[in-house]
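Asker: So the sequences go chain by chain: A and B. Just add 5 to wherever you are in the first sequence, counting from 1, and you've got the working numbering. Just add 500 to wherever you are in the second sequence, counting from 1, and you've got the working numbering.
Hints in this document: simulated from the structure, not taken from any laboratory. If a hint is listed, it holds; no wrong ones were tucked in.
Derived, one-sided and incomplete: chain B residues facing chain A with beta-carbon distance under 10 angstroms:
1. LEU549
2. GLU551
3. ALA554
4. ASN576
5. GLY638
6. THR645
7. CYS654
8. PRO672
9. ARG727
10. SER770
11. SER774
12. GLY796
13. LEU797
14. ALA818
15. HIS835
16. THR840
On a predicted model such as this, the values are computed, not experimentally measured, just so you know. Every residue, glycine too, gets a C-beta built ideally from N, C-alpha and C.
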Amino acid sequence: MEMPIPNANVLSRKSQIVERLQSVLPPAAVIHTESQVRAYECDALTAYKCPPLCAVLPASTEEVAAVLKVCHDMGVPVVPRGSGTSLAGGALPTADCVILGTARLNAVLETNYDDRYIRVQSGRTNLSVTGAVEEMDFFYAPDPSSQLACAIAGNVAMNSGGAHCLKYGVTTNNLLGVKMVLMDGTITEIGGGHLDAAGLDLLGLICGSEGQLGVVTEATLRILRKPEGARPVLMAFNDNEVAGACVADIIKAGVLPVAIEFMDRLCIETTENYAKAGYPDCNALLIVEVEGAPEEIDEQLALILEIARRHDPVELREAKSPEEAARIWLGRKSAFGAIGQISDYMCLDGTIPVSSLPMVLRRIGELSEEYGLKVGNVFHAGDGNMHPLICYDANKPGDLELCEAMGAEILKLCVDAGGCLTGEHGVGIEKRDLMSHQFDPADLEIQMAVKDVFDPDWLLNPAKVFPLDTSQSRRIAAE
Amino acid sequence: MTPKTEQELADAIASAKGPLHITGGGTRPIGNPVVGEGLSTSGLSGITLYEPGALTIVAQAGTPVAEIEAALDSENQRLAFEPMDHRALLGTSGAPTIGGVVAGNVSGSRRIAVGACRDHALGVRFVDGAGEITKNGGRVMKNVTGYDLVKLMCGSFGTLGVLSEVSLKVLPKPETSATLTLHGLSVAQSVEAMSAALGSPFEVTGAARTHDTHIRIEGFAASVAYRLEKLKDLLSGYGEISVTEDANLWAGITNVTGFAKTDSDIWRVSIKPSDAPALIAALPDTCETSLDWGGGLIWVATPAGTDLRATMAVDGHATLVRASTQTRAALPVFHPENPTVTALSQGLRAKFDPRGILNAGLMG
Numbered sequence: 006m007e008m009p010i011p012n013a014n015v016l017s018r019k020s021q022i023v024e025r026l027q028s029v030l031p032p033a034a035v036i037h038t039e040s041q042v043r044a045y046e047c048d049a050l051t052a053y054k055c056p057p058l059c060a061v062l063p064a065s066t067e068e069v070a071a072v073l074k075v076c077h078d079m080g081v082p083v084v085p086r087g088s089g090t091s092l093a094g095g096a097l098p099t100a101d102c103v104i105l106g107t108a109r110l111n112a113v114l115e116t117n118y119d120d121r122y123i124r125v126q127s128g129r130t131n132l133s134v135t136g137a138v139e140e141m142d143f144f145y146a147p148d149p150s151s152q153l154a155c156a157i158a159g160n161v162a163m164n165s166g167g168a169h170c171l172k173y174g175v176t177t178n179n180l181l182g183v184k185m186v187l188m189d190g191t192i193t194e195i196g197g198g199h200l201d202a203a204g205l206d207l208l209g210l211i212c213g214s215e216g217q218l219g220v221v222t223e224a225t226l227r228i229l230r231k232p233e234g235a236r237p238v239l240m241a242f243n244d245n246e247v248a249g250a251c252v253a254d255i256i257k258a259g260v261l262p263v264a265i266e267f268m269d270r271l272c273i274e275t276t277e278n279y280a281k282a283g284y285p286d287c288n289a290l291l292i293v294e295v296e297g298a299p300e301e302i303d304e305q306l307a308l309i310l311e312i313a314r315r316h317d318p319v320e321l322r323e324a325k326s327p328e329e330a331a332r333i334w335l336g337r338k339s340a341f342g343a344i345g346q347i348s349d350y351m352c353l354d355g356t357i358p359v360s361s362l363p364m365v366l367r368r369i370g371e372l373s374e375e376y377g378l379k380v381g382n383v384f385h386a387g388d389g390n391m392h393p394l395i396c397y398d399a400n401k402p403g404d405l406e407l408c409e410a411m412g413a414e415i416l417k418l419c420v421d422a423g424g425c426l427t428g429e430h431g432v433g434i435e436k437r438d439l440m441s442h443q444f445d446p447a448d449l450e451i452q453m454a455v456k457d458v459f460d461p462d463w464l465l466n467p468a469k470v471f472p473l474d475t476s477q478s479r480r481i482a483a484e
Numbered sequence: 501m502t503p504k505t506e507q508e509l510a511d512a513i514a515s516a517k518g519p520l521h522i523t524g525g526g527t528r529p530i531g532n533p534v535v536g537e538g539l540s541t542s543g544l545s546g547i548t549l550y551e552p553g554a555l556t557i558v559a560q561a562g563t564p565v566a567e568i569e570a571a572l573d574s575e576n577q578r579l580a581f582e583p584m585d586h587r588a589l590l591g592t593s594g595a596p597t598i599g600g601v602v603a604g605n606v607s608g609s610r611r612i613a614v615g616a617c618r619d620h621a622l623g624v625r626f627v628d629g630a631g632e633i634t635k636n637g638g639r640v641m642k643n644v645t646g647y648d649l650v651k652l653m654c655g656s657f658g659t660l661g662v663l664s665e666v667s668l669k670v671l672p673k674p675e676t677s678a679t680l681t682l683h684g685l686s687v688a689q690s691v692e693a694m695s696a697a698l699g700s701p702f703e704v705t706g707a708a709r710t711h712d713t714h715i716r717i718e719g720f721a722a723s724v725a726y727r728l729e730k731l732k733d734l735l736s737g738y739g740e741i742s743v744t745e746d747a748n749l750w751a752g753i754t755n756v757t758g759f760a761k762t763d764s765d766i767w768r769v770s771i772k773p774s775d776a777p778a779l780i781a782a783l784p785d786t787c788e789t790s791l792d793w794g795g796g797l798i799w800v801a802t803p804a805g806t807d808l809r810a811t812m813a814v815d816g817h818a819t820l821v822r823a824s825t826q827t828r829a830a831l832p833v834f835h836p837e838n839p840t841v842t843a844l845s846q847g848l849r850a851k852f853d854p855r856g857i858l859n860a861g862l863m864g
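The shape of chain A in the complex, shown without the other chains:
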């Protein structure tokens, strides 16, 4: 993966830049020694590492504004960073950048149960947002699997999803407002406790802009009352295609489960060896979860099981107790960890129309043979959000490159099937150079024109999202 050559002019001014940052922040909030900045050299895409020039940890919107103003005045690129859990390299530094971490922005500012929202500083972790409203039986719906660690700032930047978005939507559907700072230090508010925009929907534009348009310091989030209960059912099939057809039939029948998760044989066997959840021996497994009162759950599950029976299942297993429900989820929730135990892996998240599922799975199998790399599939089937896990050996020269080449093939396949490169992880650096497969030059040009408006000098997270050659003239002009 290529990154731009660091700006020598910035590198040579490191001591002045650090000094200026120290003049606007408490001393401990500016991290600049070689050993300390190493903590920020990568995010969860660990194959790529680069220590930044320095890192700052502001504790207020005003401090964020002061930092950005300094960097703007001195022409220094800034890479915003939530908790560093990006799988796409969204927070990967360049040697000439300042990492702006949101870790100290973690306060709850307001909870409003009558109007059903919470306002938090953006460094707060996803799960701790729910934690703040749990005592009143409310929750924050988007639930990326990194929710214990990931920050709302990163969720907003990447428009994060999760397992339950079939019913509750992704971050953008649950975000009511932001306070944000533009690259020149201007502080602004967009949206709030009310719904929809007065004019253009800038909130919708900012959500998912990968930290390239501004730094979000506060977020107003929709909270929901917890359902009375939830219960999963496990369905085992001997064929991916049949499982896919079952998903489509469930959706067409008018039931809207909160989650429909899919696992293929490699994932089932690997997680079974690792987590011992007691999964049946089969080629494809679905976990379908519905919510409501016990009687409502019974009614929905009866319908779902009736549909499943028409698809010749190997086994149908309904959770009869919370313990059984936990066991059904156990394997799915440990899938990534289980694969990680046996191999290094790269996790993609291309999304496809549900109808293309059988064709795409078949083709992934063929690619796996061609490249000689194992692929496990575990994904959110209801919304077509795939998660192929390509196994490789990081210690074997050339294997990462082989894995990346195969990943690129899979993502192109998703696009060609009518889908997209990324459903919830974001583009970052990982899918940056594939953007021109999904978009024509005019499509990319108008997106880059949006960045021109918010960040004319292209200082915010500049080497991400757009293919480097496409964004080159803008980034060079900024130097």
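Assemble the complex: chain A is given as a structure, and chain B must be docked to it using the hints.
Answerer: Structure of chain B alone, referenced to chain A:
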């Protein structure tokens, strides 16, 4: 001009010599008055793709909403955000188009539960002010590939580009629905009752106050019956409760037909529900109000020429949806925003429509 293909649309815009007045079906004349040659998308019509199992529909922008709804109905699905039909309120006729729904981010009572049009819009194709054909988003439900221009286009009233095709998420129709009606509550009591219902686990999909207060639930029959009883218990402190299954009730609420036959100006105000009593108390006695979204959306009928924003002391925004041309020329239709947001919006318009020819001035 009524182009029949996307390419004709692009050619028409590229070769335009002056400002254009963009419309779909022309049933929603919302916005500051626009001068320009007429350009209608009604010639770009037809459903391109409908996959019930994937909950998605793709249609050309000029496709009548009625055609979309009929196709969805045949598979027992619907546009869950319940797009408002403006014809009665605005006294217009013709066929509302799906492009118009997206361009106006037009939603209805169910917005409070399932999100607005913008939350169901998956993809767009449009022609910008330079005549360039562009696409964004797609037809899958989860998509974070590049910037989300779908949301930006949704509610931009044709000022950033002219939609040629939209792709939308659809949802199954529920088996049944029921409405609880509470009688004789003050605005404050009504908002309190609606908040209690919306903050319950019983999945309320409509909460509105016309004269009475109405709370809707939808789903499978047994589930609706169960939740109905639960909500009756929850709201037992608010007096007598009656139950109806009148579907027309919600069409009337969403379409604000109660204000159709008046000559008042009509304002649409979006606020936090708990601010509704204060907002309404500050209005002149000559105003009438109707609440939706649990009190978060207030429709206000005011005597012609009244500036509602002058008495609005709470956060949110007010749009002047219906008024005479003179009033619309005097009072901005869209709520003025903070200087930074205004500057960013102007910056975006300059990029998307460098010549300033697309519905120029409509949004201010």
